[in-house]
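Kindly produce the complete structure, drawing on both the sequences and the hints.
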Amino acid sequence: MVSFITYKLILVIIVFLVSLLIAMYSTYAERKVAAFLQDRIGPNRAGPFGILQPLADGVKMFMKEEIIPDVSNKWLFILGPCIAMLTACMTGVVIPWGGVLTIRGHEYPMQVTDINIGILYLLGVVSIGVYGIMIGGWASNNKYSLLGALRASSQMISYELAMGFAIIALVMHTGTLSVREISEMQTGWHWNIIYQPLGFLIFIICAFAETNRAPFDLPECESELIGGYHTEYSSMKLGFYLFAEYINMFISSAVIATLYFGGYHVPFLGRFVHDANALAILGSVFLFAKIFFFIFFFMWIRWTLPRFRYDQLMHLGWKILIPLSLLNVAITGILMYLTGRIH
Amino acid sequence: MTLYLFYFLSFLAIISALMVVVSKNPVNSVLFLIITFFAIAGHYVLLNAQFLAAVHIIVYAGAIMVLFLYVIMMMNFSKESEPSKTKLSQIVATVAGGIFLITLIGALHFYDVDMSPGHSDPGAGLVGALGKVLFSKFLLPFEISSLLFLAAMTGVVLLGKKNNDNS
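So the protein lines, in turn, are chains A and B.
Just so we're on the same page, this note's numbering is the position in the first sequence counted from 1, plus 1253.
Just so we're on the same page, this note's numbering is the position in the second sequence counted from 1, plus 9.
In short, the hints are calculated from the structure, not lab data.
Source: prediction; values computed, not measured.
Glycine included, every Cβ here is placed at the ideal spot set by N, Cα and C.
There could be a bad hint or two in this list.
[As the list claims (entries may be wrong)] Have a look at the derived ranges for each label pair, beta carbon to beta carbon:
#1 I1258/A x F147/B: 36 to 42 Å
#2 Y1563/A x L139/B: 35 to 41 Å
#3 L1354/A x L167/B: 55 to 61 Å
#4 L139/B x D1564/A: 37 to 43 Å
#5 G169/B x I1294/A: 50 to 56 Å
#6 Y1563/A x L156/B: 30 to 36 Å
#7 F1521/A x F147/B: 32 to 38 Å
[Unchecked claim] Using 25 Å as the maximum straight-line C-alpha spacing, the simulated SDA-like pairs for lysine to any residue come out as follows:
#8 K1313/A x C1335/A
#9 K141/B x K1313/A
#10 K1543/A x P1450/A
#11 K1543/A x L1403/A
#12 K33/B x K1572/A
#13 K141/B x I1421/A
#14 K1572/A x L76/B
#15 K1327/A x M82/B
#16 K170/B x P1576/A
#17 K1327/A x V80/B
Now the structure itself:
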């Protein structure tokens, strides 16, 4: 029997390390997927198939000269990437990474904490994530950084609204704010995507916008803003910003898989595997398979669609997604009333 | 444990609230205000009101302060552009603030508050309980306040539109 605190500490460290590892190899995967879609080979020099490329990139980032601009606000300049990294790593604690493992009569759920406001925690962390970009962009004292930061913040707060409404419809359907309970409900084929198709579509579009991925990567639009909010950053501070984006992508994929695609549940798996522990571990494996699919999806979209223009972005966010998400809430309510789930 | 957390959060809240007023740079003020909000959200969690804490973070730290920061960054306020105040206005402000402080202390002194822990129902701050109270006992105030928000929103849109036509 491991004590409660030790067990949770180990779990937190595992979640943290796995996020870092997956984010690290996402950079490699991104370049390989890009190469595949553009009929190139991609990185293949460091190790077999270029498998050591992330390490080489990491070492390169550390070895580069670190420049803090003279006129910038030094503390805020350092604080920016720290907040970006912190908020990226914070979300992993409420996601159920698997079922319950039973070892010698003790139960070990594969989730760090099952707070009863898990979904709100997710939204809260997402909403403070914008500060990393804003503070970094402002503290750089560079007009391109500032423009990038302003774009990023207005984009993120615009899409947060539609994302919140999509989640409200989901919460109406599931009747709980706990991420584990939402995950538990989706046994068999009762995945939320079937009940909330429109909500899922809105959610995934907003997830793209919140992670600043293409086609919503206007904050770092190279052709107009040099590098956007991280123009002045160099060395590992730049690395933190780029890395935070990949962690965010991993976490968003995990959230999408958990909320809409059954989490760690696989239809019909219970018929073939009867041992509870084996089932829990297999569930985790399948959850990660779903997550990897969505990470691939993120990359697929990035290398397929061109970037939005800024007014198109705002038009999509405010005039299309928000009315659609409100409609989704209304439809969900009406359907729940008609099927007799509420009176 | 809870007591130490309470002292730590209170200390953090008061110090950062003071820093909001004291710091010269408006961006620093906004950042300290965000820290204050986090400390207050921590107090809500200690009071077992997790829903309120989460909403407090999402709405205040995550939305309203982002807009504040946004405006300050756009306007690019700095130490130099801050209008200097005369001695007279500083004295008047100090006296007015002091009088307000005395009023607050007096009001709190004569108002008998039951501060003992366990005074309220521990489940009162959870989502379910809060929702039931909001939609039964406080339904009318709830609806009226949402109507107020709607009016404010419409007003802003109208004002924005009007400005646009003139230019």
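These are the hints, each one checked on the structure:
1. I1258/A x F147/B: 36 to 42 Å: Taking Cβ atoms as reference, I1258/A and F147/B lie about 40 Å apart, which means the hint holds.
2. Y1563/A x L139/B: 35 to 41 Å: The hint (35 to 41 Å, Cβ to Cβ) holds, given that Y1563/A and L139/B are roughly 39 Å apart.
3. L1354/A x L167/B: 55 to 61 Å: 58 Å, holds
4. L139/B x D1564/A: 37 to 43 Å: 40 Å, holds
5. G169/B x I1294/A: 50 to 56 Å: Between G169/B and I1294/A, where Cβ atoms are some 52 Å apart, the hint holds.
6. Y1563/A x L156/B: 30 to 36 Å: 34 Å, holds
7. F1521/A x F147/B: 32 to 38 Å: With a Cβ separation near 48 Å, F1521/A and F147/B fall outside 32 to 38 Å, so the hint is violated.
8. K1313/A x C1335/A: Distance ~20 Å between K1313/A and C1335/A Cα, so the pair holds.
9. K141/B x K1313/A: 57 Å, violated
10. K1543/A x P1450/A: With a Cα-Cα distance of about 17 Å, the restraint between K1543/A and P1450/A holds, given a limit of 25 Å.
11. K1543/A x L1403/A: Status violated; Cα separation ~34 Å.
12. K33/B x K1572/A: 39 Å, violated
13. K141/B x I1421/A: 17 Å, holds
14. K1572/A x L76/B: 20 Å, holds
15. K1327/A x M82/B: 17 Å, holds
16. K170/B x P1576/A: Holds. K170/B to P1576/A sits at ~20 Å (cutoff 25 Å).
17. K1327/A x V80/B: 22 Å, holds
Comparing the model with each numbered hint stated earlier shows that hints 7, 9, 11, 12 do not hold.
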